[in-house]
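*Asks:* Please build the complete structure, drawing on both the sequences and the hints.
There are 2 protein chains.
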Amino acid sequence: MNQVLQFKSALREAVPSSAYLLEDEAQRAYEADWRGIVDNPSVAVLLPGSVAEVSAMMTLCASHDIAVVPQGGNTGLAAGAVPVGNLPQVVLSLRRMNKIRSVSPVNNTMEIEAGVILQAAQEEAARFDRLLPLSLAAEGSCQIGGAIATNAGGIQVLSYGSMRNLVLGLEVVLPDGRIWNGMRSLRKDNTGIDLKQVFIGSEGILGIITAAALRIFPRPKKALTVLVACDSAHNALRVFLETQQACGSDLTSCEYLTQAGLDLVHHHLPASRPPFQESHPAYVLMEMSSLDTAADLPARLEPLLMRLHENGIVRDVIVAQSESQRLALWQLREALSEGERAAGGAVKHDVAVPVAGIPQTIAAIERGLPEVAPGARLNIFGHLGDGNLHVNVMPPAEVAFGDFLAQARRVTAFIEENVIGAGGTFSAEHGIGQLRVESLKNHRAPLELELMRAIKGAIDPQWMMNPGKVLNQCN
Amino acid sequence: MNQVLQFKSALREAVPSSAYLLEDEAQRAYEADWRGIVDNPSVAVLLPGSVAEVSAMMTLCASHDIAVVPQGGNTGLAAGAVPVGNLPQVVLSLRRMNKIRSVSPVNNTMEIEAGVILQAAQEEAARFDRLLPLSLAAEGSCQIGGAIATNAGGIQVLSYGSMRNLVLGLEVVLPDGRIWNGMRSLRKDNTGIDLKQVFIGSEGILGIITAAALRIFPRPKKALTVLVACDSAHNALRVFLETQQACGSDLTSCEYLTQAGLDLVHHHLPASRPPFQESHPAYVLMEMSSLDTAADLPARLEPLLMRLHENGIVRDVIVAQSESQRLALWQLREALSEGERAAGGAVKHDVAVPVAGIPQTIAAIERGLPEVAPGARLNIFGHLGDGNLHVNVMPPAEVAFGDFLAQARRVTAFIEENVIGAGGTFSAEHGIGQLRVESLKNHRAPLELELMRAIKGAIDPQWMMNPGKVLNQCN
Chain A
9 MNQVLQFKSA LREAVPSSAY LLEDEAQRAY EADWRGIVDN PSVAVLLPGS VAEVSAMMTL
69 CASHDIAVVP QGGNTGLAAG AVPVGNLPQV VLSLRRMNKI RSVSPVNNTM EIEAGVILQA
129 AQEEAARFDR LLPLSLAAEG SCQIGGAIAT NAGGIQVLSY GSMRNLVLGL EVVLPDGRIW
189 NGMRSLRKDN TGIDLKQVFI GSEGILGIIT AAALRIFPRP KKALTVLVAC DSAHNALRVF
249 LETQQACGSD LTSCEYLTQA GLDLVHHHLP ASRPPFQESH PAYVLMEMSS LDTAADLPAR
309 LEPLLMRLHE NGIVRDVIVA QSESQRLALW QLREALSEGE RAAGGAVKHD VAVPVAGIPQ
369 TIAAIERGLP EVAPGARLNI FGHLGDGNLH VNVMPPAEVA FGDFLAQARR VTAFIEENVI
429 GAGGTFSAEH GIGQLRVESL KNHRAPLELE LMRAIKGAID PQWMMNPGKV LNQCN
Chain B
9 MNQVLQFKSA LREAVPSSAY LLEDEAQRAY EADWRGIVDN PSVAVLLPGS VAEVSAMMTL
69 CASHDIAVVP QGGNTGLAAG AVPVGNLPQV VLSLRRMNKI RSVSPVNNTM EIEAGVILQA
129 AQEEAARFDR LLPLSLAAEG SCQIGGAIAT NAGGIQVLSY GSMRNLVLGL EVVLPDGRIW
189 NGMRSLRKDN TGIDLKQVFI GSEGILGIIT AAALRIFPRP KKALTVLVAC DSAHNALRVF
249 LETQQACGSD LTSCEYLTQA GLDLVHHHLP ASRPPFQESH PAYVLMEMSS LDTAADLPAR
309 LEPLLMRLHE NGIVRDVIVA QSESQRLALW QLREALSEGE RAAGGAVKHD VAVPVAGIPQ
369 TIAAIERGLP EVAPGARLNI FGHLGDGNLH VNVMPPAEVA FGDFLAQARR VTAFIEENVI
429 GAGGTFSAEH GIGQLRVESL KNHRAPLELE LMRAIKGAID PQWMMNPGKV LNQCN
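Protein chains in written order, with the working numbering: chain A, 9 to 483; chain B, 9 to 483.
For the record, the hints were derived by calculation from the structure and aren't laboratory data.
A few of these clues could be false.
Derived Cβ-Cβ restraints for the label pairs, each shown as a range [unchecked claim]: (1) 425/A <-> 49/B: 47 to 55 Å; (2) 24/B <-> 94/A: 39 to 47 Å; (3) 94/A <-> 482/B: 41 to 49 Å.
For clarity, every value in this text was computed on a predicted model and none was experimentally measured.
Where a beta carbon is used, it is the ideal one built from N, C-alpha and C, also for glycine.
*Replies:* Now the structure itself:
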């Protein structure tokens, strides 16, 4: 404990008191993940306001052997941004580093600090008639740095790629406090090992991302949103494939949901109206967009959907006729998680398979689950075009969520086995955090883990960055 | 030398003779880079036909302390795939690993071995009505593995990204001979440090890429190619910006060239006709494409170019009216390097700056060069939309290229300083190889090099992979 006392005293001396929380009730808000699954104590919460302060704090932590947990908006689903176990550790929140340094509509780039809220960044880009395409449910509170550290995905990956694809440059504070300035705003730069790629998606185990240069895009001038009803996941996939074949990157979103999900939404939001008079087993929510102000998007999409309807692949279609109809359709998708939570919660999975394997994977899960967890209810939704499904398992109607948790490990093992067997992954966009460390060990070859550990050890030789997340040092 | 003799004897015992060249005149063809700048001896040339053979050979090399130089099509411009100095080293050519393992038009992916020629891969994708968008001058002889190891660029990066953006999975043989199977064909996979990113663009200094899973795309159904004449680089850039704003990712290529370049082409290919009656200082070659068979691309582009013409930004335009006209326009671009070589050669640079900085960078180089190398002639061309310029410097008309080489270092230093000063990079798509090792040391922070060395050391602790390329061990 001497080490911790010395650290606290050094912190008080070195850093203005506005930049940390120490023995303060407010610390608690940073220590638990928002889902309430993990809650462990920190020695202090650090709130740096500049990269120089991050650097000074990291140096202090390194010299006192205090581990560091970087935290953005703390909206992750794998508890990657909160303390683990009982190590002496600080939470380092980037929230005060929230400046947009510059926007260049000519370069189509913006330089932005890690603590900027994603939605604020989107809005700033929009002021310049530009699009920052990363878009996800937590955009009102997640931060850019966290989105980079977790390689966030969301609803426009199909056309614009994940966060990795948007990052041109990074500023990173290393575990020893040194600052790597890799803030280049270049489309091409083949000069040795591409260091930024190592930090993107590494979930804070290598250093603290303090700023980034991001790509932005001309802002689409037209959008068309449709909800398509199908009799099966198989036909839902065909709708996607035919539409992508016809529209390419103009198809900016393609989401999958089921009647089970819609029922959760309607129960939670009684004001939301069922989109169709009948129920259907599978739905596809698609959005096309175009920069061309003269583009006739309905003329491109409707004949295609008509043909699919005639062939029995599509059962019914709603084409949004106004912005409010468009938002109403999207609300059905966006309220899925909320509806699920309101109904008591679910054991969540974020899997991906090669796109062609989606129907078989869903079928195998639907077929096998009753044996693994009799009566459990599935809510499957996700990013059809990316092969990314959120396979969420709710307890039987009469069972409380807390009582269902005893079966969670078995359910998760069952789903992960199915997905891995289909050439897929057990974590598509949520990452590993502390909740999927076992899954990573189970499903990746020892050599792959050894390579990750070698890179981790090369950049953080003392293993002080975000301990207990992604990898453990010894096995 | 005992070590080399023992290695040769072990090679003869362990590997069928069809899989190597040893004390054979044919070795010579693998030892020099195609530009004839570097030519150093190898102990042997290894020609594995399978990943198992690569693994066995790497194990053999590791146990005998023989360095390994991976080689694809040997079309690189930085001598990264040929031996350096007098180390005991083998060239390991991937040319016999040239199978296309599978193509899935549903997943839009293909699995392909490293030795497949890029053009063969493009053609295989086309058989499935798919596009492998990587396209560059050397596509008839460069190999997929080399294109990944160098993160190759080319003429469609604007819309589809560099090679990095096309790679979903990799199979890699490590320096100690172990095989990492990372051949996942997934759009999303956030499971720890993304190892493939470390190998992509690392120029063979970390391991041997033996196969890859690549993204392919629906094949465009329509294309429109135009050549635009402008009075300056400044206005050329405006043409690009306005077109991209209007067309987004439908603008798949945007290339820059000058009258000096056209003159070289016409001199070399007398049958090629000057595109315009008059000469112009700057030209932009643009291609739009669309999946929409009903798309009216001229209706989208021509009014825009008309407006730019009325505003004095565009001087003249040629719109290709047929496939043969389209190919004739592209030939002007593609014959630039050939024309330059036929005229005696140039000191070449492959730089990138933020797009907005292109005109100023070109102006600064044009202004300053006469002092650095009086009478030297510039041939600047490249990928305008990516900010990527090939700044090639030819000797004064009366000076032989060989005599000009004495000034090459000074010329290169001058150009690199200008580019770095503009926030740019000295190597956009050609990489470091052995020709830009000094530049990397000069222009990157010591901390950045230290991080690269740390990663190199973590994966290749004996520094046996592609020695003398990208990084040196000690400084």
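*Asks:* Next, verify each hint and record whether it holds.
*Replies:* Structure-based check of each hint:
no.: 1; hint: 425/A <-> 49/B: 47 to 55 Å; in the structure: holds (52 Å)
no.: 2; hint: 24/B <-> 94/A: 39 to 47 Å; in the structure: violated (58 Å)
no.: 3; hint: 94/A <-> 482/B: 41 to 49 Å; in the structure: holds (42 Å)
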